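Build the complex from these two chains, which are given one at a time in their own frames, with help from the hints.
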Amino acid sequence: MIGLSHYLIVSAALFSFGILCVLTRKNAINVLMGIELILNAANLNLVAFSKYSSGKIDGQIFAIFIIVVAAAEAAVALAIILSMYRILRSVNLDRADTLKG
Amino acid sequence: MNPQILSDLKQFHPEIILTASVLLVVIGDIALVRIRRTLTFILAAAGLIAALIAGIRLFGQDPGTLFFGVLSLDPMSVFFKTFLILTSLFILFSVPGSKELSRRNLGEFYALLLGVTLAMVLLAASADMLMLYLALETVSIGSYILVGYLRNERQSNEASLKYLLFGAIATGTMLYGMTVIYGLTGTTKLAAIREAFLQGAAAGNNSAMLLIATVMVLAGFGFKMAAVPFHFWCPDVYTGAPTPVTAFLSIGPKAAGFAVLMRFFFTGFSGSAPGTGMYSGVSPVYWNAILILISVVTMTLGNIAALRQENMKRMLAYSSIAHAGYILMGAVVLNSQGLQSVLVYLVTYLFMNLGAFLVVIAVYNHTGSFDLNDYRGLMRRSPFLTVAMSFFMLSLMGIPPFAGFLGKLYVFGAAVNNNLAWLAVVGALNSVVAIYYYARVIKAMVIEESSDTTRVPLSLASQILLWLMLLPTAGLMFFWSGVERLTKASVALFMGL
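If you're matching them up, the sequences are chains A and B in order. Read in order, the letters of the first sequence correspond to residues 1 to 101 in the working numbering. Read in order, the letters of the second sequence correspond to residues 102 to 598 in the working numbering.
Only chain B is shown next, with the shape it has when bound in the complex (with noise of 0.2 angstroms):
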């Protein structure tokens, strides 16, 4: 075998361990049918920590690019390895105390959520057209069918159908978008489009059908981050799915989907001198100035439709589309202040939000209903998820001491250091709509009264998991210096062949 793949596979390890484990619980799950239950799930929970492990292994690696320039191994794309398999992990734990799911045979479920995993990671890495469609087909068509996981329930069924249709147009258009990229760069790789770039390939008549080709793939990445208005199938998904994926939906795909687009607009679209931090623009397309729209319009858009909606997961699923516009505001700042406030976001985003599902999850499982009127009284019925539920929905809005205003505080003040201080001030003001529907929640819970006084039980499980996301989105801000260290060391994109 070639010397250079031998030593590219010993730094290919979270992958060759999530593919080993795919490949273990669907053996598991078909050979020992008396135990397959707990099997695997514990296949599944051991192959996602070990892949975890060898993740963070990864990091301080010299950066470099994995099997002749196919995948990338930065700073960067090591981040987004352990962020995606965490978010992964955190999923995978509060399947089984999901009354959705629990009742079916989850061997398919855990090998699907691993195989979308393996491909997200793939994908946030990817430094190749080709690589970057493959994986992000292969998130697309493991969602599908994680969507449609309830395959006798009408909801389910009608959401997979729609997030299928959806998804097979918005790659479909990417795919073509790409291959006119392709045509007029002729390379796949993105470091070697930006060298075309340079010498003035796309120049001329010919950066009328460059823009045309970059809005086509923005539909592609669009729909994985559900930004405006490749948002259509987000809030039918995110209320017909069940819950644990609406969850796995909102966090992992979306974090993917900022990671590639970051990867292929700086390192594909933009240059950048070693060491300062600072892009620069190679394309003749204005690609910032389209993702500065498309974020005031998905934040806008997101927060206003949120407010008249009284489903947790439609409103939910509304809230996930203003943040990606928030998101959306780091990533159009061409330096690694920029890149740096999406990281910090994400990792915010990925307690508040996940918490938040949780205690869907938990009353869900109780009362048997999603309408926020079913919130009212929580408080008496149950003190720990109400406090825990006002907590992520604090948060949510960006109130100090949580976590989310450490997030937000990050994306404005990239924006404000940029001189986009407007777009932060549209951010601001968005923040204040958006208080509107979380403070809803918080007053149907505590204020509001409800005839229905039972306990709602709380298994021991989702206890832990519950106080895994509460303590850091209560006290992240605490650890600042560690977040900003951790993003800080994690900008770092390789820009070679």
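Bound conformation, chain A alone (with noise of 0.2 angstroms):
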């Protein structure tokens, strides 16, 4: 029987391969993608104790706002990259490196 434990060790795993995912990867569309794993745990776990726990659809509701927010943010964020790849012509961060001291 799949219980509360299960999800929540689904979603903890999917969170530290993407705090991962964003500590080694040198491309900025990586790092998006780890980010994306990251809310994408967070959305798991609300989903199973809104079922399992507190029994209320507020934790579902929660779930699509941040569903929604993560669009709003992949989409600046892509336009982000995408400027730097004009001016840089790549979009590996360690050519992103003239402000540091």
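One thing to keep in mind: the hints can contain errors.
[Unchecked claim] Covered stretches of chain B, going by a simulated chain A footprint (3 or more residues, C-beta under 8 angstroms):
1. 121–128
2. 227–240
3. 262–273
4. 277–291
5. 331–343
I should point out that these hints are in silico values taken from the structure, not numbers from a laboratory. None of these values were measured; they are calculated from a predicted model. Note that beta-carbon positions come from the ideal geometry of N, C-alpha and C, so glycine has one too.
In structure tokens:
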């Protein structure tokens, strides 16, 4: 029987993979994918808790809002990465190194 | 329509006005191309002024919640409403005087500024984790675009990319923490979370889980406040962003971050008997111990890193990190004295920090540089700018009789009165370290000589704006009782559902 803990383990794994991806990737697009994993881990948590723990629908509504915000964020992120590509002809984050100190 | 919603809308005027002016600016920018430069500015200014007036009219309302407990309306939220709208208004007036931005079409810039203001106002008042997350993300997404507004310039683009990646990770982590809190307590409303803690949610084995979740939530708030260890974006973004945006980020979103931090922990994680002004933690997590640690590390690291900066914007970035540490000292004290000290500090910080950035904008317009070396000999080239900058630097140091002293007095006083004298000592030592890098600016301007002796021109609008910052910075101490009364009346948080 699949219970709450199974969902939580999957979401914790998703979150960890997301953080790992964000920390290790050099390609800006890959980092964005890692961020999506983090957000979806949160979504999974919310839906699972909504069903098994609180019994109310507010967690699922929260998850829908997160999906919308994630789409908006991805749109802005891709626009910024695109303009980075126009300037540098690359999406490698190591090239973004003019600001430091 | 539900009569409850109709009556709530009457107390929602600032937000409605801001929303309407965002739309008007966008439409004006597209529809009336020939006059759009002045039109969008006037629309944005009118919207902010109207929202400010609507916000001031909310002072003295009965505390409560709006829209079924999603937003709170209490003296604290009304204070932050007016504070944040006023900040955006000052920033708006500084934009046309900045050479970095003034050559571009600014309609979208004004619309974004208004949108971020709206989101900050909602963030400061949110009493529900869903509203909190939405408002925080809207502030962030708007700020990413504002930082990258000079999209053909490498530094601006790089700053916005770094801000975006760091911000998305910080808010994603915060979100994951919030979902765990939701799972433990079964609700997203802050007041209901407190009730759940009182009934033993997250007790026993679950308290470790709550601790992790709390630290994760702090990542999001710390990112907004630029507190260590969530500050890495701050120096780069402040350097790369257009200077008016830098000034905005150092005050607006930071203040909104403090507002939401206090509301989250004081209404969600603490209980209070009405009228006493004393709070006590109800969750199994010692959140104020974590905040004390963050406060100490933030001010120390900010000040030490600022010592060796040669770029004015970068120096002010580290200085703003250090100030976040000082302000946090007020937020860790569990009573209304601590809350009041945060409000006093933010009021003084608005004028002195924005003033310093206005001088940076004026010098950049002439020299095209943010380098400290280009401030040499400013005394001969523009005595007014030199005196103004010296006042702001002395105020940021916290030297009486300038406004910054008042803020420091309140936060140190709150710490000492609540058995945290050692924290006040750390803060005082830090202020001594900070004198070095602020004084270095004054030394460069007054004592050092420069081969360049051309006068630095200053437009009338910039002069008026500088005076608006200068007078409160120099004279706030003489209106001490007014500041005391305003902030004391604004500390109350609405604790009910």
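Quick rundown of the hints versus the structure:
1. 121–128: With 0 residues closer than 8 angstroms to chain A, the stretch 121–128 of chain B misses the three-residue bar; violated.
2. 227–240: Coverage by chain A holds for the stretch 227–240 of chain B (5 residues, Cβ < 8 angstroms).
3. 262–273: holds (count 7)
4. 277–291: holds (count 9)
5. 331–343: holds (count 4)
Of the numbered hints stated above, the single one contradicted by the structure is hint 1.
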